[in-house]
Amino acid sequence: MIKSRIYPQYFLIIGLLVYTIFFMTPSIIGIGYSLTDWNAYRSSVNFIGLKNFREIFVEGSKYLKYISNTAIFAIVTTAFKILFGLILALILNETFRTRNVLRAIFYLPVTLSPLAVGLMFISIFRPEVGLVNKLLSAIGLENITRGWLTSVKFAMPVVMSVETWRLSGYCMIIFLAGLQTIPQSTYDAAKVDGANYWQRLIHLTIPFLKPAFIINIVLNLIWGLKAFDVIFVLTKGGPGDATDVINTAVFFSFSMGRYGLATALGVIAFVIAIFLSFIVIRVLSRKEVEW
Amino acid sequence: MTKKRKIINKILLGIIAWLISLIVLAPVYLLIINSLKDRTAASLMALTPPEVFHWENYLIVIKEGRLIRSFFNSLLFAGSSAIINIFTASIAAFVLSRRRSKINRAIYYYFLIGLVSPINYITLIRTLQVFHIMGSYQGIIALYAGWLMPFGVFLYYGFIGTIPRELDEAAVLDGCNSFTLFFKVIFPLMKPVTITLLIINFMCAWNDFQTPLYILNRSTKWPMTLAVYNFYGQKLADWQLVSATIVLTVAPVVILFIIGQRYIISGMTSGAVKG
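So the sequence lines, in the order shown, correspond to chains V and H.
Following the working numbering, the numbering of the first sequence begins with 3 at its first residue and continues without gaps.
Following the working numbering, the numbering of the second sequence begins with 124 at its first residue and continues without gaps.
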């Protein structure tokens with residue numbers, strides 16, 4: 003049979019066009035525009051070389067702070083999401099009656115729009131009437147109640163915990179899928195050898211979950227890099243710029259009409275994501291998991 | 124270990140899990156009860172259920188927030204982008220999976236880059252302006268379709284690999300051309316993936332807030348997310364109304380999640396573990 007006849011190459015055209023025009027083109031022309039002084043106040047766009055990048059990377063620049071905020075946000079939320087996801091998966095991998103309902107409950111936040119999640123938590127972190135402060139007062143900890151979202155010190159941990167609340171269920175599902183791949187016989191053999199629960203967890207379960215760990219780490223780092231909605235709704239990057247990340251900075255530079263600079267920030271995010279995506283592609287396109 | 128102790132352990136585990144689940148359930152519960160309280164009660168944000176259920180809050184927000192139009196906008200964006208994506212991604216993945224030439228392998232990887240890379244919104248606006256679809260329905264639908272296409276290609280590519288090639292050969296011998304082979308034989312077989320992609324594409328587009336924030340200026344074209352955010356800005360003091368609008372944006376997605384749970388989970392975990 004002639005492959006080119008049955009599987010014509012032109013079947014790819016529409017998909018490639020839509021994807022290239024609306025997704026890849028902006029990223030690629032972004033590299034060009036990031037080298038210009040493109041802005042809202044002048045119609046001419048001039049080449050200025052690496053000036054935007056120099057402004058971003060100059061010592062003590064606020065953009066460096068946003069980039070490090072982004073890194074902190076991505077790394078810390080990834081760590082906690084994986085920790086909680088793993089604990090939930092280990093609990094809900096045991097057979098008991100209501101586990102399917104519980105799995106659904108823990109996955110539910112992943113499906114909610116981040117905007118809605120942000121708005122819900124605004125009310126929960128309100129200084130006077132918010133649930134968090136009320137619970138703290140109820141257990142006698144009035145002295146640590148505060149305006150969580152307006153505190154320079156605590157705003158970042160708070161937005162990170164909301165993100166963790168939102169996406170731990172995703173990590174749980176990935177780990178649960180990973181746990182299905184562990185053959186029961188291996189467990190039984192370990193039990194016969196007298197390994198207790200913790201020994202089995204560390205020497206058996208965790209090594210088996212390696213692919214699940216990799217995918218969770220990489221995907222969550224990328225989502226952390228792209229974080230916007232939750233932060234924008236909860237703090238708008240504030241107080242001051244305590245919770246500003248790359249994407250909020252892009253938005254505010256854009257609002258101020260500094261398109262060239264905003265594009266340069268976007269290019270930085272794109273480059274980091276491309277680097278991380280190569281890891282994803284390598285993991286996802288593996289034929290078999292080797293063990 | 125005795126059987127009795129095993130049972131007690133399971134019960135304990137269940138109790139612990141339900142206690143942890145309160146962390147997820149409490150905010151959702153708070154949202155729902157607040158949407159049914161009157162203004163004073165809602166402003167206290169207490170966990171106590173409302174004394175009288177104020178269902179009229181929902182009627183008020185639908186009228187004042189002009190949510191009906193936004194609801195249909197969201198439906199249009201999410202629905203049409205999903206349909207475009209299903210059609211274009213499946214047919215592309217079909218060729219990519221069946222003809223594994225060097226160039227097709229490269230094209231597959233080119234699609235996978237989009238699985239994770241962020242959108243450059245500022246130059247996206249420029250691109251949409253060039254095509255004269257900035258701020259239009261067509262622009263945002265095409266964008267969502269393109270943005271979610273890598274995921275579609277990825278899902279279909281994996282699934283087509285499991286459909287035996289002999290089927291294609293038999294169909295061709297029976298007189299199928301490439302179109303009838305794909306639409307009459309292959310596409311119907313991929314129903315599970317199609318449903319998965321439909322649901323996940325719909326949810327992503329429905330929940331998206333960032334894209335419309337950048338590219339839709341006119342309030343008549345706003346999806347639910349922007350309408351809700353705008354309503355929140357105006358009605359800060361009426362938390363019962365804000366809560367009602369949040370419930371209305373979240374409800375369709377939650378219903379979809381309950382109906383299509385199996386498909387969502389299978390889509391989200393596909394490839395993640397087995398590769």
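Since the hints were made in silico from the structure, they are not lab data.
This one's a predicted model, so the numbers in the text were calculated from it and none came from an experiment.
Treat the hints with care, since some could be wrong.
To be verified - Below, a list of computed lysine to any residue pairs in the SDA-like style, where the Cα atoms sit at most 20 Å apart:
| hint | chain 1 | residue 1 | chain 2 | residue 2 |
| --- | --- | --- | --- | --- |
| 1 | H | Lys126 | V | Phe98 |
| 2 | H | Lys358 | V | Val220 |
| 3 | V | Lys238 | H | Val377 |
| 4 | H | Lys307 | V | Phe98 |
| 5 | V | Lys228 | H | Lys307 |
| 6 | H | Lys126 | V | Asp190 |
What the hints assert, rightly or not - Chain V is nowhere near these chain H residues, computed Cβ spacing over 12 Å in every case:
| hint | residue |
| --- | --- |
| 7 | Ile185 |
| 8 | Asn227 |
| 9 | Tyr244 |
Here a beta-carbon is modelled for each residue, glycine too, at the ideal position from N, C-alpha and C.
Minimum C-beta separation from Ile185 (chain H) to chain V exceeding 12 Å: can you confirm that? holds (17 Å)
Would the pair Lys238 (chain V) and Val377 (chain H) pass a check requiring their Cα atoms to be no farther apart than 20 Å? violated (27 Å)
Quick check for students: does the CB of Asn227 (chain H) sit more than 12 Å from each CB in chain V? Per Cβ check, Asn227 (chain H) is inside 12 Å of chain V; nearest 8 Å; violated.
Is the Cα-Cα distance between Lys228 (chain V) and Lys307 (chain H) 20 Å or less? Distance of about 40 Å is beyond 20 Å: violated.
Taken at face value, is the distance from the CA of Phe98 (chain V) to the CA of Lys307 (chain H) at most 20 Å? violated (43 Å)
Are the Cα positions of Lys126 (chain H) and Phe98 (chain V) separated by 20 Å at most? Roughly 14 Å separates the two Cα atoms, so the pair holds.
For a C-alpha distance cap of 20 Å, please report whether Lys126 (chain H) and Asp190 (chain V) respect it. holds (17 Å)
Claimed clearance of chain V by Tyr244 (chain H), with the beta carbon kept past 12 Å: violated (7 Å)
Would you check the hint for Lys358 (chain H) and Val220 (chain V), treating anything up to 20 Å between C-alpha atoms as holding? Not OK: Lys358 (chain H) and Val220 (chain V) at ~39 Å, beyond 20 Å, violated.
The structure is inconsistent with the numbered hints 2, 3, 4, 5, 8 and 9, although it conforms to all the rest.
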